[in-house]
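My request is simple: use the sequences and hints to build the entire structure.
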Amino acid sequence: MNWRSGSRGVVLTAYHPSGGGGDAPSGFQSKRKQDRNKYRRSGQYTMNHDHSKKTPDGASIDRSGSQDSLDALSMDDYWKELENIHETRGNNHEERVALVVKEPDEGELEEEWLKEAGLSNLFGESSSDSLESEVFLSTLTRTQKAAVEKRVETVTQTMRKKNKQHHIPDVRDIFRLQNDSKENVCDGSESSTVKTSENKNETQDGTRGPKFSLGMDDQKRPPEDMPSSDTDINLEISFAEQAANLKDSSVGEMYKGGGADTLLPNFRLPKDKTGTTKIGDLAPQDMKKVYSLALIELTALYDILGTEFKQQKAVKIKTKDSGLFGVPLSVLLEQDQKKVPGTKIPLIFQKLIAQIEEGTLETEGLLRIPGVATRVKSLCQELEAKFYEGTFNWENVKQHDAASLLKLFIRELPQPLLTVEYLKAFQDVQNLPTKKQQLQALNLLVLLLPEVNRDTLKVLLEFLQRVIDHRDKNKMTLKNVAMVMAPNLFTFHGFGSKTIEQSEFVMAAGTANVMRFMIQYQKLLWTIPKFIVNQVRKQNTESQKKEKKDRAMKKLLKKMAYDREKHEKQEKTPNDADVPQGVIRVQAPHLSKVSMAIQLTEELKAGDIVARFLSQKSGNVQTLKKEEVFLYEIGGNIGERCLDDDTYMKDLYQLNPNAEWVIKSKQS
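For the sequence shown, position 70 (counting from the first letter as 1) is numbered 70 according to full-length UniProt numbering, and the numbering increases by one without interruption.
To be clear, the hints were calculated from the coordinates, so they are not data collected in a lab.
You may find that some hints are simply not true.
Stated by the list, open to error - The calculated lysine-lysine pairs, modelled on BS3-like cross-linking and capped at a C-alpha distance of 30 Å, are:
1) K593 with K650
2) K473 with K458
3) K115 with K473
4) K530 with K80
This is the structure we're talking about:
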């Protein structure tokens with residue numbers, strides 16, 4: 001991708017399939033090599049371009065012996081990959097298509113941000129009907145609220161300058177209800193979240209409520225069993241709140257500039273008794289809420305850390321609506337699902353990975369050594385013609401050629417795999433002060449990706465880890481793989497023909513580090529933080545309460561009242577009437593034992609309940625394996641959530657006592 005500034009935007013140069021367009025400029029490789037060697041001698045291959053980074057005790061950091069460190073020599077893989085990419089393009093002369101990234105006018109960026117965050121009804125004709133926004137805003141933390149207020153204030157000032165006619169809300173009015181409900185707040189340090197009762201497990205309308213809180217009291221004073229290790233990732237407290245607390249404390253000085261050390265810590269997720277929530281575990285309606293909250297949280301985190309967060313916006317251009325290379329992921333997936341219903345990853349992407357793995361992953365230099373450029377171009381054209389017909393002969397594809405085709409597929413996407421909107425945000429992760437904050441930002445960015453991009457990225461990262469697992473034989477360590485893959489994901493279509501500036505070298509090392517993070521911590525990145533799940537629960541609870549209040553205010557016809565009463569009886573859970581206290585009723589409609597009363601104990605886990613159902617033998621039982629079925633939490637304060645086997649059921653029941661419990665497969 002060639003970033004080129006213009007009067008109204010930035011142009012990303014996109015290429016057609018088979019390598020794209022444009023000859024390599026005269027002397028490109030030799031000039032790049034001279035600049036690269038000059039830069040290497042200056043010793044400036046650190047992520048943050050800081051020559052004086054030291055450990056807290058003042059000692060210099062020696063990374064020369066680490067397989068995970070980034071030194072000048074290891075960057076060679078990055079530059080060689082760029083040269084291979086440019087050489088491939090130099091052999092092709094096809095027309096280029098310019099992908100224009102629009103530079104927004106004043107206030108447009110913030111207005112677009114509010115729309116993306118699900119707060120568009122704060123403005124325009126629908127601004128007076130902001131009930132949904134009130135519920136949403138009531139669940140925000142202090143730092144999230146500040147991020148929203150900042151954008152609303154900017155949009156308000158812009159609208160007043162432009163004399164727009166529709167209603168312009170005042171920031172104070174937007175949060176008035178939340179602030180009025182906190183009469184005890186006098187110093188502005190409290191969160192804008194609305195707590196549930198801590199002493200009673202009952203809400204105002206008489207239904208049993210959860211024992212969870214999103215307030216700052218919990219965030220300022222974590223419970224004793226909360227993670228305390230520097231390598232433990234705390235998912236219970238807002239990342240931005242953690243950063244604000246760290247910034248305000250003396251401990252923050254200890255970690256200042258920690259991002260410069262390129263050694264990767266052994267980060268881990270402490271066990272959560274109510275279960276870890278992965279992407280794909282929640283219902284679509286709850287994932288929409290997760291997206292909005294993740295965007296606000298990421299913005300708040302960047303605000304606290306003093307890093308600018310701006311979403312890019314690509315102007316729509318004409319793209320291919322069929323084929324393999326240079327086709328949007330969404331279009332590819334749509335045409336693939338007609339052939340293989342339910343598939344979530346483009347078939348060509350799956351096949352290329354399978355082809356690489358068909359040979360041994362112990363091949364030395366796998367991913368680093370390029371295929372023959374002319375042969376790769378020929379294979380690309382042949383695949384376009386024969387892949388969907390099923391007549392392509394995969395026996396002709398050598399392993400290094402398949403690896404080159406895989407990277408070509410990623411590069412030739414009309415928009416980056418990490419999306420135009422968030423590519424810069426992914427790159428800017430390198431500028432955050434600590435590695436833990438970098439990991440937290442990446443976690444939120446993954447949540448913001450479109451589903452097809454996120455699923456494709458996940459399959460790619462899992463494949464890259466399998467390559468690294470054979471590093472003793474193939475000589476492809478984590479840093480080697482990151483160096484080779486970073487240009488394909490982050491530079492999109494390579495650098496331009498101008499002399500490489502020093503800042504581009506810094507960006508190269510930084511994006512390679514971000515690539516390492518994504519590979520190393522991929523399991524953590526696909527986890528939905530518990531504080532966001534709790535905010536979703538809170539939104540659902542508040543929405544249900546408001547809906548009930550609205551229904552009560554209406555005068556219903558007799559028949560409607562009868563139907564509602566009947567419906568409520570049907571919804572009445574066995575927890576209230578059919579079974580004694582401390583017992584839940586679990587449904588399993590697809591198994592021979594369709595229902596079972598389960599006594600809750602301190603040690604009972606979701607996996608134990610699934611195993612108990614599967615142990616019931618019957619002639620009509622489906623042949624389902626334990627790894628194919630899961631226990632689901634449905635209703636109450638969540639739409640639907642797939643539980644991991646280590647979820648402690650008594651703790652989860654206390655969090656959502658009005659839920660129903662169903663065993664089913666993820667496909668059903």
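Here is what the structure says about each hint:
1. K593 with K650: It holds: about 22 Å lies between the C-alpha atoms, which stays within 30 Å.
2. K473 with K458: Holds, because 24 Å separates the two Cα atoms, which is no more than 30 Å.
3. K115 with K473: 50 Å, violated
4. K530 with K80: Not OK: K530 and K80 at ~42 Å, beyond 30 Å, violated.
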